[in-house]
Every structure is written in C-alpha cells, then in structure tokens.
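**Student:** Spelled out from the first residue to the last, the chains are:
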Amino acid sequence: MIRVDNLNMHFGGIRAVDGASIEIAKGSITGLIGPNGAGKTTLFNVIAGHYTPTSGHVYLDGEDVTGLSPHELFHQGLLRTFQIAHEFSTLTVRENLMMVPDNQPGETLWDTWFKSGTVRAREAEVRAKADEVIEFLEISHVANELAGNLSGGQKKLLELGRTMMVDAKIVFLDEVGAGVNRTLLNTIGDAILRLNRERGYTFCMIEHDMDFIGRLCDPVIVMAEGKVLTVGKPDEVMANEAVIEAYLGRGLKNKPQRGVTA
Amino acid sequence: MTDILNALVLLSNFVLIPALSYGSQLALGALGVTLIYAVLRFSNFAHGDMMALGTMATIMITWGLHAMGVSFGPLPTALLALPFGILIAMAVALVTDRAVYRFYRKQRSAPVVFVMASVGVMFMYNAITRIFIGTGDQRFADGERFVLKVNEFKELTGLDQGLAIRTSQLITVVVMVAVVAFVFWFLQKTRTGKAMRAYSDNEDLALLSGINPDRVVRITWILAAALATIAGVLYGLDKSFRPFVYFQLLLPIFASAIVGGIGQPLGAIAGGFIVAFSEVMVTYAWKGFITLIVPADMAPEGLVQLLGTDYKFAVSFIILVVVLLVRPTGIFKGRVI
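Sequence order for the protein chains is A and B. With the first letter of the first sequence counted as 1, position 231 gets the number 242 in the working numbering; the numbers rise by one all the way through. With the first letter of the second sequence counted as 1, position 23 gets the number 28 in the working numbering; the numbers rise by one all the way through.
Think of the hints as simulated: they come from the structure by calculation, not from any bench. Owing to the predicted nature of the structure, the values given are computational and were not obtained by experimental measurement. Be a bit skeptical, because a hint or two may be false.
Stated by the list, open to error - For lysine-lysine, the following PhoX-like pairs were computed, each having C-alpha atoms within a straight-line distance of at most 20 angstroms:
(1) Lys244(A) <-> Lys37(A)
(2) Lys126(A) <-> Lys111(B)
(3) Lys244(B) <-> Lys154(B)
(4) Lys194(B) <-> Lys154(B)
(5) Lys140(A) <-> Lys194(B)
(6) Lys292(B) <-> Lys244(B)
Claimed, not checked - Beta-carbon label-pair distances, calculated as ranges:
(7) Ala135(A) <-> Lys154(B): 49 to 57 angstroms
(8) Asp142(A) <-> Arg46(B): 31 to 39 angstroms
(9) Ala132(A) <-> Asp142(B): 23 to 31 angstroms
(10) Gly159(A) <-> Val326(B): 49 to 57 angstroms
(11) Phe108(B) <-> Asp113(A): 19 to 27 angstroms
(12) Val120(B) <-> Arg131(A): 56 to 64 angstroms
(13) Phe322(B) <-> His68(A): 36 to 44 angstroms
(14) Ala104(B) <-> Glu236(A): 40 to 48 angstroms
(15) Lys194(B) <-> Glu143(A): 21 to 29 angstroms
(16) Glu143(A) <-> Phe318(B): 52 to 60 angstroms
(17) Ala132(A) <-> Arg46(B): 30 to 38 angstroms
(18) Gln112(B) <-> Glu136(A): 36 to 44 angstroms
(19) Asp178(A) <-> Phe322(B): 51 to 59 angstroms
Glycine residues also receive a C-beta, built at the ideal position from the N, C-alpha and C atoms.
Generate coordinates for the entire structure from the input sequences, incorporating the hints supplied.
**Tutor:** Below, the structure is given as structure tokens:
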C-alpha cells in the first residue's frame with residue numbers, strides 16, 4: 012500500500028530521517044515506535060506531504076507520490092492525525108467533521124447562489140454522516156460545542172472522527188492515545204479495530220504505550236536515530252535486544268513497562 | 006429647550022451624519038483588509054489602490070452609461086455601473102494573486118515578504134489608475150443630490166438650524182448595512198464561509214480536510230475586491246474621486262482594522278466608526294454648538310476646533326499608535342474571523 016524507499020530528510024545538519032525504508036501492507040495496522048527524536052513524526056510528515064524529502068521516494072499503491080501536497084494526498088485517500096490534536100477551534104464539533112469531505116457543492120460561490128437545492132441536499136448527507144461518526148465515538152453530548160473548548164482526550168477522538176468522514180485508504184495516527192485515560196483509550200482502540208475490519212482501513216500509528224501497540228498492531232516498525240531498527244510482531248520486537256537498548260539505554264534489559272514513554 | 010434641540014440638529018448635521026457615512030466607508034474598507042489578513046495572513050497595502058482601481062472602473066462605466074443615455078432616476082448612475090466595476094476589480098485581484106502572491110505562497114514565504122509584495126502591487130495599481138483616468142478630481146455623482154434639504158427640514162420643524170441628508174450618505178449607510186449583513190451571513194452560514202474560517206483558524210488542518218486552499222484564497226480575493234470597490238465608489242459618491250486621496254485612505258483603514266483587532270470582521274466595523282467619529286469630532290469647530298448650549302455670556306470666542314481639517318489623518322495616526330502601544334490586539338481581542 013505504502014512503500015517508502017531509502018528516505019532522507021535532513022534539517023541543516025540534523026538527519027531526522029536517515030535512509031529509512033518501510034513498507035505498510037494493505038489492511039494492516041502497522042505500529043511505528045521508537046525513542047523520542049527517532050524521526051517517526053518527521054517520517055509521517057514526509058509521507059503526508061508536509062515536507063519534501065531531501066532524497067528518497069514515497070509510493071502509494073505503486074504510484075510515486077513524493078512531494079505531493081497534503082491536500083493532493085488527501086484526495087488520494089491518505090489521511091493523518093496530529094500528535095498535538097488540531098481542531099478548528101471556532102467551529103463546533105459537528106462543523107469540524109462536516110468540514111472534512113471535499114468537493115462539496117457549497118464550496119463554490121456559483122453553486123451557493125444558484126444551486127442551493129443541491130448544496131442543501133449534500134449538506135444534509137454530510138450532516139447525517141457527521142452525526143453517525145459522533146454517535147460512533149460517543150461524543151453526542153458535545154456535538155454542538157466549539158471544538159476549542161473540548162478536553163484533550165475529546166480532541167483526540169475528534170481527530171479520529173475526521174478520518175471516518177471519508178473513505179480513507181490509509182490513515183496515519185500520530186500518538187492518538189497519548190494523554191488519554193484508559194477507558195477512552197479502549198474506546199479509541201475499539202474504533203480503530205472496527206474501522207480496520209469493517210471498512211478495510213489501513214492504519215499506521217505512532218504510539219508509545221506498549222499494551223496498546225500489542226493489542227492493535229502487527230507488524231511493528233522500530234525506528235531509532237532516523238533509521239529503521241527492526242520490523243516484526245509486537246512480542247518479537249519487544250524482546251529484541253537492540254530495541255530495548257534503544258529505548259531504555261544499556262544495562263536495563265527488563266521488558267518495557269506499561270506506560271513507558273521513553 | 007429649542008436651543009438644545011437646535012444644538013442637537015447642528016451636531017447631527019455636521020458630526021453625526023457625516024461621521025456615520027464616512028465610518029461606513031472605512032468599515033467596508035477595513036473589512037476587506039481584515040479578511041485578507043485573516044485568511045492570507047498579511048497586511049495588504051494595495052487595498053487603498055484596489056479601491057481606487059475599482060472605483061475608476063466604475064466611473065468609466067458610468068461615463069459609458071451616460072454616453073448611451075442611461076440614468077438611474079433619482080439614484081446615481083454609478084450604482085448601476087457598480088456591479089461591473091466589482092467584476093473588473095475581482096478579475097484584477099485574481100490575476101494579481103496568480104501572478105504575484107501565488108508564487109510566494111508556494112515558497113511558503115514569511116508574511117513580511119507578502120507585505121512587501123503588496124507594496125509593489127500598490128504602486129502598480131496606482132500607476133494603472135492614473136494612466137487611465139489621470140490624477141485629477143472626478144465627480145461622478147448624479148441623480149437627486151439630497152434626500153432631505155436644509156430648507157425642507159427648517160420648514161418641517163420650525164427650528165433655526167437646518168439638517169441635510171445627502172443621497173450619497175443615505176446610500177452609503179444602507180449599502181454598508183446590507184453588505185455587512187451579507188458578509189456575516191456568508192462567513193457564518195455557508196460552507197464556503199466556514200471553509201474560510203477553518204482555513205484561517207488552522208491552516209495545517211485545513212490542508213488535510215476537504216478544503217481546497219486555492220479556492221479559499223480565490224474567494225477571499227473576490228470578497229476583498231468587491232468590498233474595496235463598494236467602499237471606494239461610496240466614498241467617491243460622497244466626496245469625490247482622486248487617486249491620491251484613495252492612497253491616503255490606507256491609513257484610516259488600517260487604523261480601523263487594527264483598533265478593532267485585525268483579522269476580526271466585527272472589529273473592523275467598530276474600528277471604522279471609532280476612527281470616523283474621532284476624526285470628524287476632532288476637526289469639527291465646536292463654537293456654534295457650545296454657543297447654543299451655554300448661557301450667552303459664556304459663549305467661546307475662538308472656533309473651538311481641536312485640529313485643522315488638513316491634519317485629519319493625524320487622528321488616525323494617533324489612534325493607531327495609541328492602540329498599538331496600549332492594546333495591540335485591538336478591542337475585540339481573541340479569535341480571528
């Protein structure tokens with residue numbers, strides 16, 4: 012589905028991503044872990060089109076999409092969420108969700124004036140979809156709140172909700188579970204599994220919570236210092252000496268504990 | 006008692022009504038500046054000359070209509086020409102964006118680069134306007150000049166002081182209310198307006214939604230060009246059209262936008278009226294008014310004018326400086342659009 016080929020992203024002297032090659036299979040939930048500064052988010056940003064890589068290529072379904080803008084990638088079904096939840100703070104939760112689907116007729120001045128019927132019909136459709144998502148995520152009670160007033164966890168849910176508004180091919184989740192309590196984390200985990208099974212979404216997620224990773228992800232890619240360290244099943248990866256060393260430093264060989272955030 | 010009534014009439018005639026119409030013109034101008042700032046994140050210095058250009062186009066079409074023998078009854082013919090003037094201004098704005106600003110957007114240039122580019126665009130518009138219409142004064146208001154004449158008012162009320170309402174003043178206020186209502190409805194209720202607000206709120210996220218950034222930018226320019234032309238034509242009808250005066254209007258317009266909090270439509274409108282009222286009140290000779298309300302022996306000898314009208318732009322300047330020092334975020338601080 013996604014193939015990243017020998018990708019380099021340098022900022023001045025810093026090699027944030029240093030020759031990384033990864034592959035994400037269709038229908039998988041791939042985990043991406045690694046200590047802070049390993050280049051995970053930079054890799055996401057390059058794949059999602061925020062940065063043009065110094066060198067290397069990104070392929071989506073075999074097609075070279077390197078250097079396309081985030082907007083163009085969105086059109087191709089590549090969605091992402093942000094590590095620090097982003098929202099349109101002056102719009103309500105429902106409006107935030109309704110913003111997602113593209114090419115709505117109401118977007119052109121011409122249609123707004125002269126085809127108000129079409130505009131309204133499409134808007135009703137999008138609204139129904141938004142309400143469905145709101146229900147799925149169990150955030151009906153805040154549907155009409157301004158998104159800026161939500162709690163951190165609710166903003167994360169809203170981020171996930173955005174990806175459900177369209178038929179995404181692949182969704183990149185950047186620490187969707189960080190700073191979220193256990194119950195909510197389970198809700199998010201269930202939502203991800205359901206989307207994966209019922210709608211065939213492919214996921215790639217950066218996460219630090221090993222239990223969460225273990226429950227959802229297969230395979231897990233481990234990055235350190237801009238390079239891919241290893242790829243494998245969660246328990247294999249967590250037993251890997253090199254991974255433990257990268258995460259915890261030398262001398263500590265015990266299995267990473269729940270909630271370890273390196 | 007009649008003295009007080011006379012004083013109020015005097016004040017309405019020379020302060021309230023002129024400031025109201027001038028304030029409406031500034032508000033419309035500032036609304037355009039604020040929209041550009043909110044969505045494209047730079048201060049568009051070419052806005053004053055965009056007003057001049059749009060107004061010039063409208064005047065020329067008005068002349069064309071006159072030549073064809075078309076008039077608009079008691080209303081100025083320019084109102085008929087206005088939609089065409091707006092279309093021309095929109096086209097110019099879109100071409101400018103494509104030729105100039107799009108390049109810098111692609112480069113992800115800093116806002117100050119955009120501002121400098123807009124200064125260049127300003128000089129260009131400036132030159133184009135002068136090539137076509139010259140630097141001189143153009144009066145293009147026709148139709149009925151007054152809605153209410155001084156004599157009619159005096160006969161009607163029996164007061165000594167007269168009150169006149171010019172057609173252009175009435176049109177200005179009516180058009181301003183209609184346009185502002187429209188812009189607010191547009192921003193709050195339509196999908197396009199929401200997309201603009203969303204884009205202004207969080208550009209990164211907007212790029213990852215179904216919002217087409219090119220479209221949002223285009224619509225912003227279309228709105229700004231329309232607002233600029235409307236403001237320019239109203240100002241020209243009310244006073245007269247001279248390219249240099251429009252260039253100078255940039256100062257009160259920016260003062261208005263900044264007083265209200267740049268990037269905020271509501272602030273732009275409030276700011277327009279604050280600046281207009283300050284300007285008119287500071288340059289008004291209060292002698293007549295004071296003479297009417299105080300006992301005869303306390304009447305002032307001088308004009309009681311705080312500042313000569315030649316210095317009226319100083320008022321905007323002072324307001325601008327004070328606001329930037331005391332409350333840089335403007336009165337309505339907080340969110341952009």
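**Student:** Taking the hints in turn, state whether each one holds.
**Tutor:** Here is how each hint holds up against the structure:
no., hint, verdict
1, Lys244(A) <-> Lys37(A), "16 angstroms, holds"
2, Lys126(A) <-> Lys111(B), "33 angstroms, violated"
3, Lys244(B) <-> Lys154(B), "18 angstroms, holds"
4, Lys194(B) <-> Lys154(B), "41 angstroms, violated"
5, Lys140(A) <-> Lys194(B), "19 angstroms, holds"
6, Lys292(B) <-> Lys244(B), "25 angstroms, violated"
7, Ala135(A) <-> Lys154(B): 49 to 57 angstroms, "54 angstroms, holds"
8, Asp142(A) <-> Arg46(B): 31 to 39 angstroms, "33 angstroms, holds"
9, Ala132(A) <-> Asp142(B): 23 to 31 angstroms, "53 angstroms, violated"
10, Gly159(A) <-> Val326(B): 49 to 57 angstroms, "32 angstroms, violated"
11, Phe108(B) <-> Asp113(A): 19 to 27 angstroms, "25 angstroms, holds"
12, Val120(B) <-> Arg131(A): 56 to 64 angstroms, "40 angstroms, violated"
13, Phe322(B) <-> His68(A): 36 to 44 angstroms, "55 angstroms, violated"
14, Ala104(B) <-> Glu236(A): 40 to 48 angstroms, "45 angstroms, holds"
15, Lys194(B) <-> Glu143(A): 21 to 29 angstroms, "23 angstroms, holds"
16, Glu143(A) <-> Phe318(B): 52 to 60 angstroms, "57 angstroms, holds"
17, Ala132(A) <-> Arg46(B): 30 to 38 angstroms, "34 angstroms, holds"
18, Gln112(B) <-> Glu136(A): 36 to 44 angstroms, "38 angstroms, holds"
19, Asp178(A) <-> Phe322(B): 51 to 59 angstroms, "56 angstroms, holds"
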